[in-house]
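Chains as they are written, first to last, in UniProt numbering: chain A, 1 to 588; chain B, 1 to 588.
Keep in mind the hints are simulated off the structure, nothing from the lab. Hints may contain errors.
As the list claims (entries may be wrong) - Derived PhoX-like pairs: lysine-lysine, alpha-carbon spacing no greater than 20 Å straight-line: (1) K351(B) - K88(B); (2) K2(B) - K126(A); (3) K2(A) - K504(A); (4) K2(A) - K126(B); (5) K126(A) - K254(A); (6) K429(A) - K504(A).
As the structure is a computational prediction, the values presented were derived from the model and not from experiment.
2 protein chains.
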Amino acid sequence: MKASQFFVSTYKEAPADAEVISHKLMVRAGMIRRLNAGIYSYMPMGLRVIQKVQAIVREEMNQAGAVELTMPVVQPGELWQETGRFDKMGPELLRVQDRHGRDFVIQPTSEEVVTDIARSELRSYKQLPKNLYQIQTKFRDERRPRFGLMRGREFIMKDAYSFDKDKDSAQISYQTMRQAYRNIFDRFGLRYRAVAADSGAIGGDLSEEFQVIASTGEDAIVYCPQSEYAANIEKAEALAPGQPRPAASQPLVKTPTPGQSTCAQVAEGLSIALATTVKSLVLATDVQDEQGNITGSTVWLLLVRGDHDMNEVKVGKIAGLDKGYRFASEAEILEHFGAKPGYLGPVGLRKPLKIVADRDVAVMADWVCGANEVDFHYTGVNWGRDLPEPDVVADIRNVVAGDLSPDGQGTLEIERGIEVGHVFYLGTKYSAAMNATFLAENGRPTLFEMGCYGIGITRLPAAAIEQNHDERGIIWPDAIAPFTLVLCPIGMDRSPAVREAAEKLHDALLAKGVDVILDDRGERPGAMFADWELIGIPHRLVISDRGLKENQLEYQHRTQTEAVKVAADDVLAFLAQQGVFQEPGAQG
Amino acid sequence: MKASQFFVSTYKEAPADAEVISHKLMVRAGMIRRLNAGIYSYMPMGLRVIQKVQAIVREEMNQAGAVELTMPVVQPGELWQETGRFDKMGPELLRVQDRHGRDFVIQPTSEEVVTDIARSELRSYKQLPKNLYQIQTKFRDERRPRFGLMRGREFIMKDAYSFDKDKDSAQISYQTMRQAYRNIFDRFGLRYRAVAADSGAIGGDLSEEFQVIASTGEDAIVYCPQSEYAANIEKAEALAPGQPRPAASQPLVKTPTPGQSTCAQVAEGLSIALATTVKSLVLATDVQDEQGNITGSTVWLLLVRGDHDMNEVKVGKIAGLDKGYRFASEAEILEHFGAKPGYLGPVGLRKPLKIVADRDVAVMADWVCGANEVDFHYTGVNWGRDLPEPDVVADIRNVVAGDLSPDGQGTLEIERGIEVGHVFYLGTKYSAAMNATFLAENGRPTLFEMGCYGIGITRLPAAAIEQNHDERGIIWPDAIAPFTLVLCPIGMDRSPAVREAAEKLHDALLAKGVDVILDDRGERPGAMFADWELIGIPHRLVISDRGLKENQLEYQHRTQTEAVKVAADDVLAFLAQQGVFQEPGAQG
């Protein structure tokens, strides 16, 4: 490819609305162009990256036995009413009426359509298992689209759906996809982690996220360097402390803590460790009669250590809180604590309530908490002596670095990641809602066991950039770079020798199957180099009159700061060594 | 590919709503599946065809120097307001509001978005010419979607847009695309014609349709077997008759023609040639004052020979009718003719009007027309003697087979076609509306000269089927067949020899790059053959125990009715001869 025949368009400045580096660099490198909030044109330079991502995903999905189809972008609302999602989903679901006033949605995913296909096309267990996937435009009307392709409204997703005859078979389909995802992410050339994720209402452990590691990632990823353990922060278990609760050694004292309404302020004010304080969170669940009318509420007090954070997903699994909960109202708090929020605690309650203590709180002695009175805390609080033992002891906190790994193989570390893939066992959630059955071996209509598997095709390039960039611009891994190698001729307009050498090399590299671009735009060296460093092409060769006189070219990898001289005659062998292409018969 | 791992789903019956053969066969062969009126899922078998069409289009577009990008499906209404299309387009344009109540459209094409890109990215004449294209999902909310993929609501189109600095350059861009389209359509392996089309308001001859020839096509195509001339029926010129008008030889006679209100009935009733009768069509144009209020109307009488049809596009180019016309009202007709429609004619008008005679009518003598009195016609009508010479003489009829070719190289034939591609010179229509300029060599902001170029990616397979099918099903050309060759083993379950031979051949063909499918589903021969004939795979090899004992396989091309025996050892060489694959080094 010659740059003059392609579409190279770079910008010195990032747009004002770009907050994250990938957004800034993709716009500056001319890869995407904003059409509207969260809606982008994929410009030629960016589309090449997206197409390479697609090609890798398609190859590995096919390799894993999945079969590609394409489902419509515009889908009838009546199908979405069968699962209740037409009404249940919020305004993220873009709804539209056709000329006859019939309801449609712009697909955010395709569970309904694919389940509709399965229930009429997959009639017998003999046709199972089957995994159907598409790579297709999706739309989600985000309330606050931002970060460029990271959280757009229109995006491209690969979504796959597996159909199995029973749970055992579904397990195998799930594991097959899990392995396919590892193959896919290995090929992208990015650092990533497959982390266990919470599988919500379905239960079980069959949900994993594929996270591209990046310090700017929105998600906290927990892993154990000494083992294979990895999970997202919602899922990672904080093990029960190994040591028992110490005996009480301090008296209960009501201590003035003027203006100190947070654990951190109290710890600082009293010069004590934050880990000796306890945070109070007050939740409520509504009590309903048989007709579904709300007749009252139950109030819950959750206690986590001052240096820990509550984990909402874990809280949502506690019996009694697992049907949904809310924060308690001021009236409910006043009724039970006799005080307003800020200095609440479990000692001296006005009205009994359910106390849930984190496992770590349950083994504390001589701790500090609010005294249910403004500007006062209790110190020297002890279970059993100053208040009853908790009603529930459970893991309700986020793990922190240094916690024991749940597999007992070491201690946990935490890093940040960007979710770009998710594999998920669905069970019969959709097949039951849509009465999607096949005839089992026993001749009975049986619900499909389903799984779903997504990859954010247009999000992946953004994640790759968050992970791989420097002050000069993007650094693409070879596998998904818009071009693998750029030829930069110096003074091509003036020098026939440079032009000839550049064009000869361009043609030779094309013949080797290298995705090469020759910059024949006539830019000056500085501007030319800056453009390709911004765009992030991994390999660069400079061709100049001075070099040619010494029979030399200059090679520089995007991660290097200095060029190396390469004999012009040996350049193909040198590039093969750099992995730019493989010689036939070479060991891969 | 093994059929058991793919998705093969055939039906004996076509759906009730399928009117045309391509729709019936695509559904029966499991290629598409209806989700809603005019909205289809592209099932795995159909998607393979679509992807092959896309790959050919992409290769040739890139080869022609066009650059691919992807523009959003959901586009902001405000951009469409700049060209006025947001309001001007009817309900075909699917409009939607986002969660904030802002207007969007689901793209039917992308002129607005691409022109918006050009006006900010293409700043200098040095960046021109540039041709940008996408292959993307489109939506057109057809009032009456039908014929499967032929006239769907959601469809995939390749749309390209060229930007040039002046008309001469735009001509070259247009011709480049025209040649690329010829290359593309040649590769599809279909019989097609590139025909001149009317370019509407833009004028000039720069509009061509690419029509796949099919007797079921909606469009009439005019061509000259003795030359390169081809045009659609709207465009094809009927040459002026070579001979002068004969002298009058009959008297004007008012003749009873009871109940004979059409030319055909009159010709039959009077035992005269239809070509001696003249049809009257009464049109009207409104007269407006400066404020645009309608103050009156002009009535026009158009005359074509009884065996000819009026051509609305040609009529719309006559000075005075080129701003729009309508059929005259009954009152207007009564006022000018003193009679109701059915027996109208230009002789003995009550009030003068504009008479437009087709070129053929203008040279007639002794002709027959209505007498402006029910149940009466005039015979022996002659220009000059019985009525004044016409106000306008013009080509206002459709050509018919046997007419002289406009290029003077022979006579015209007419066949039917399906439009699957269109190349069109746009001029500055969109760039002017959106003030899309670049800096020309003279330093002045200058409007882009534009062209647009479409191919109906999902319509093409339907057109291919309309052209190529028989009573057994589809007949794909190799280039776009879902699979090039099917291996049909007989009794693979029982015979290890058949299984081994089938799998060995499957692997050998894969290694040659052949798109092969091995039917390992265990169907009986009759059902298996019927499936693949319905699906339309061009090449079939049958492997049986009986054949293997004689070291033979049976080959049959989809267009043949008998199989031929092929020595098992020679089968690869045989298939290469059939064009199933090319041996390296073979001449292509």
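Each hint tested on the structure:
1. Of the pairs offered as hints, the one joining K351(B) and K88(B) is violated, with about 38 Å between alpha carbons and a cut-off of 20 Å exceeded.
2. A C-alpha spacing of about 15 Å is found between K2(B) and K126(A), which places the hinted pair at or below 20 Å, so the restraint holds.
3. Distance check on the hinted pair: K2(A) and K504(A) sit about 13 Å apart at the alpha-carbon level, within 20 Å; holds.
4. Proposed proximity of K2(A) and K126(B) is supported: the alpha carbons are some 15 Å apart, at most 20 Å.
5. Note on K126(A) and K254(A): the hinted pairing is violated, with a Cα-Cα distance of about 72 Å set against a maximum of 20 Å.
6. As the CA atoms of K429(A) and K504(A) are separated by approximately 60 Å, the hinted pair breaks the 20 Å bound.
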